[in-house]
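Student: So you can see what is in the structure, the chains are spelled out below.
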Amino acid sequence: MTTDLGLGEPQVLTIAADQDVVRVRQLVRTLAVATKLSLVDQTKLVTAASELARNTLVYGGGGGAEVTVIDGGRRKGIRIVFSDDGPGIADLDLALTDGYTTGGGLGLGLSGARRLVDEFDIDTAAGQGTRITVTKWAR
Amino acid sequence: MERVPVLKIGDILLVSIQVDMQDQTALALQEDLADRIVTTGCHGVIIDITGLDIVDSFVGRMLSSIASISRVLDAETVVVGMRPAVAITLVELGLSLDGIRTALNVELGMELLARARAAESDDFDLDLDLDGFGSSATP
Amino acid sequence: MGLTAEESSRLAALLDTNAEKLTASWTDTVTASLRGRLTRAELLRQVNDLHGAIVEALRSADFDLTAGGSGSLRAALVDLSRSRARQGFSASETAVTVFALKRALFDVVDVRSADPQVLGDLIAAGLMIDDLGLFTFENYAKTREELIADQAEQLLELATPVVKLWEGVVAIPLVGTLDSARAQVVMERLLETLVDTSSPYAIIDITGVPAVDTQVAQHILKTVVAARLMGAECIISGIRPQIAQTIVALGIEFGDIATKATLADALRHALRMIEASRKGRSN
Numbered sequence: 064m065t066t067d068l069g070l071g072e073p074q075v076l077t078i079a080a081d082q083d084v085v086r087v088r089q090l091v092r093t094l095a096v097a098t099k100l101s102l103v104d105q106t107k108l109v110t111a112a113s114e115l116a117r118n119t120l121v122y123g124g125g126g127g128a129e130v131t132v133i134d135g136g137r138r139k140g141i142r143i144v145f146s147d148d149g150p151g152i153a154d155l156d157l158a159l160t161d162g163y164t165t166g167g168g169l170g171l172g173l174s175g176a177r178r179l180v181d182e183f184d185i186d187t188a189a190g191q192g193t194r195i196t197v198t199k200w201a202r
Numbered sequence: 163m164e165r166v167p168v169l170k171i172g173d174i175l176l177v178s179i180q181v182d183m184q185d186q187t188a189l190a191l192q193e194d195l196a197d198r199i200v201t202t203g204c205h206g207v208i209i210d211i212t213g214l215d216i217v218d219s220f221v222g223r224m225l226s227s228i229a230s231i232s233r234v235l236d237a238e239t240v241v242v243g244m245r246p247a248v249a250i251t252l253v254e255l256g257l258s259l260d261g262i263r264t265a266l267n268v269e270l271g272m273e274l275l276a277r278a279r280a281a282e283s284d285d286f287d288l289d290l291d292l293d294g295f296g297s298s299a300t301p
Numbered sequence: 006m007g008l009t010a011e012e013s014s015r016l017a018a019l020l021d022t023n024a025e026k027l028t029a030s031w032t033d034t035v036t037a038s039l040r041g042r043l044t045r046a047e048l049l050r051q052v053n054d055l056h057g058a059i060v061e062a063l064r065s066a067d068f069d070l071t072a073g074g075s076g077s078l079r080a081a082l083v084d085l086s087r088s089r090a091r092q093g094f095s096a097s098e099t100a101v102t103v104f105a106l107k108r109a110l111f112d113v114v115d116v117r118s119a120d121p122q123v124l125g126d127l128i129a130a131g132l133m134i135d136d137l138g139l140f141t142f143e144n145y146a147k148t149r150e151e152l153i154a155d156q157a158e159q160l161l162e163l164a165t166p167v168v169k170l171w172e173g174v175v176a177i178p179l180v181g182t183l184d185s186a187r188a189q190v191v192m193e194r195l196l197e198t199l200v201d202t203s204s205p206y207a208i209i210d211i212t213g214v215p216a217v218d219t220q221v222a223q224h225i226l227k228t229v230v231a232a233r234l235m236g237a238e239c240i241i242s243g244i245r246p247q248i249a250q251t252i253v254a255l256g257i258e259f260g261d262i263a264t265k266a267t268l269a270d271a272l273r274h275a276l277r278m279i280e281a282s283r284k285g286r287s288n
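Residue numbers (the working numbering), protein chains in the order written: chain X, 64 to 202; chain R, 163 to 301; chain B, 6 to 288.
Possibly wrong hints are sitting among the right ones.
In silico lysine-lysine, PhoX-like type, Cα no more than 20 Å apart, as pairs [as the list claims (entries may be wrong)]: (1) B/K147 with X/K99; (2) B/K147 with X/K139; (3) B/K26 with B/K107; (4) B/K227 with B/K284; (5) B/K169 with B/K265; (6) X/K139 with X/K99.
Simulated from the structure, these hints should not be mistaken for laboratory data.
Small disclaimer: the values here were computed from a predicted structure and weren't measured.
Just chain X, with the same shape it has in the complex (with noise of 0.2 Å):
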C-alpha cells in the first residue's frame, strides 16, 4: 500500500573509488532519515556503511553495495547487502575479532560494524568473494 521511498526497490551504487564511499554514506543517510530511524539509529548505520563500503574497496577490490528500504510490517528498516568478487575471506572468524586486520587498519571494521546494526550476515570463502547483509531497524 506504500510507494513511498520506493519501498522495496533497491537503489544499486558501484563501489570502485574513495569517492563512491562517500556517495553510499550519503545514500544510506538519505535513506535512514526518510525511513525515520532515531538520530543515534542513523548514525550507527551510516557508520556501519562507511567501514563496509571501505572494506570492499580495500579487500574486495571494489564492488557494489545495494541498499533497499524494507517493510518487516510493524516497522520500517534499511537493508544493505556489499558484495565483491575479491579474495573472500579464508579464516571468517579471526576476520570477525577485535583488532585483527591483514590491511595496516585498526581491524574494527567488520567486527565494529557487526557491532552497529541489528542484523549481520555474511556469506564468504577464500577465492569465493564476499557478500555482506546487513539490517537496522526503525524503533
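Since chain X is already given, all that's left is putting chains R and B on it; use the hints.
Tutor: Structure of chains R and B alone, referenced to chain X:
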C-alpha cells in the same frame, strides 16, 4: 579533491572539518597540518568536528595520527565538538581514540591548550629557577 | 480481494440512486451505537464523506481497496479510524461506522423479492464492506499503538531530567528501574545536555536505582566513555552497598571512573577539579 582549510589564530592552528571527507582528503589534511605546525611554530592544534555526522575508524585513525605527529612536533592536539550520536557510535564501534585530548567546544579547547602551556612553563620556572631569564614559552 | 467491473458499476449506481435514504439509515445506526457522544450532524457529514469516497472508488474501475482508484477512500478510512482512536472510542465503536453500511443496504434493497443478480451484488457488497472494516480496524490499532508509544516516550522524558547544578556541572538523578531502552534515552539526553550547557562535568546519581545488572552497568560505563570522547568527565554517585556488591560480584570494572557516596560529595569533587584546572595543575 577538496582540501580542508587550516587557519592560524594566535598560537593555535584551527581546523574545522565541514565536509563529508574522502579518505584522500583526510590524508591530505594530515600532511598539511604537519607542514603548518613546522612553518608557523604553533604549539596547539584544535580540530573542530562539529560538522561531522559520522566518525568511522578511518577518520578516527586520522585523528590519532594527527595527535601523535603533532606531539612529535611539540604541539598539543585537541579534538572538539564531537556530537553525542557520534560518541555513542564510536563507543559501540570500539574506537577509543587513545592519546587524543577532547573538549566540548572550541572555547573549552582553547582553554585546555592554554592551561597545558601554562602548566608546562610553570614547571619549567619551578624546576630550574630560571626566573631571572624570563619566561620564553608564554606568548 | 476485488469485485468485477460489472459488480462495481452496478453497486456504484445502487449507492448513488439511493444516496439520501442510505446515508440517513446508515447515520441512524452509527448515532445509536455511539450513544450521543458525537452529534448526528457530525456523523452525517462523516457518513456522506465515506459514501462519496466509496462511490468514487467503485466507479473508477473494478473495485479493489489496495488499487490506485481507491486512494481517496483509503484516506477517508484512515482519517476516520485515526480521529476515533484519538477521541478514545473503542474498536467496535469505530468499526460500526463502516459496518452500518451493510444494514443500511438491506434497508434500501428489498432482499426477499430481489432477483438473483441483486442478491449476488449484495453479497459482493458485503465482502467489500468487510474489507473496508478490516482496513479501518487495522488503522485504528496502528493509531492506538502510536499513541501508546508516544506516551511511553513522554513518560521516559519526564522520568529523566538533566539538571544544571553549577557552572560547568550537570547532574542526572536516576530514579526507578533502568532497562535498556531507558538507559539509552538517559545516555543521549545527558550527552546532549553536556553540549548544550558546555559543561565538562556530569554527575550520574543512582541513589534511586533499586538494582543494577550487567546490562545497566554496561550502559552507564558506555555513557562515561562516550562523555570522555566528547571531552567531559562523569562522576557516579549514590552507589548503595548492595549495588556495590553486585557490581563486584558481576566482575564489572569501573576502572578509573570517579565514584562518590553522595551527590554532595560528587559535586564537591567536580568543583575541586574545576578549581584545580583553573590553576592549571590538573593536566
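Student: Each hint should be assessed against the structure and marked as holding or not.
Tutor: Tested hints:
Annotation: proposed proximity of B/K147 to X/K99 holds, straight-line Cα distance about 17 Å (limit 20 Å). For the given pair, B/K147 sits about 14 Å from X/K139 by alpha-carbon distance, which is consistent with the 20 Å threshold. In summary, the hint linking B/K26 to B/K107 is supported, as the alpha carbons are separated by about 13 Å, within the 20 Å threshold. Restraint check for B/K227 and B/K284: not satisfied, since their Cα atoms lie roughly 30 Å apart, outside the 20 Å limit.
About 18 Å separates the Cα atoms of B/K169 and B/K265, which keeps this hinted pair within 20 Å; it holds. Restraint check: the Cα-Cα separation between X/K139 and X/K99 comes to about 9 Å, which is no more than 20 Å; the hinted pair holds.
Of the numbered hints stated above, the single one contradicted by the structure is hint 4.
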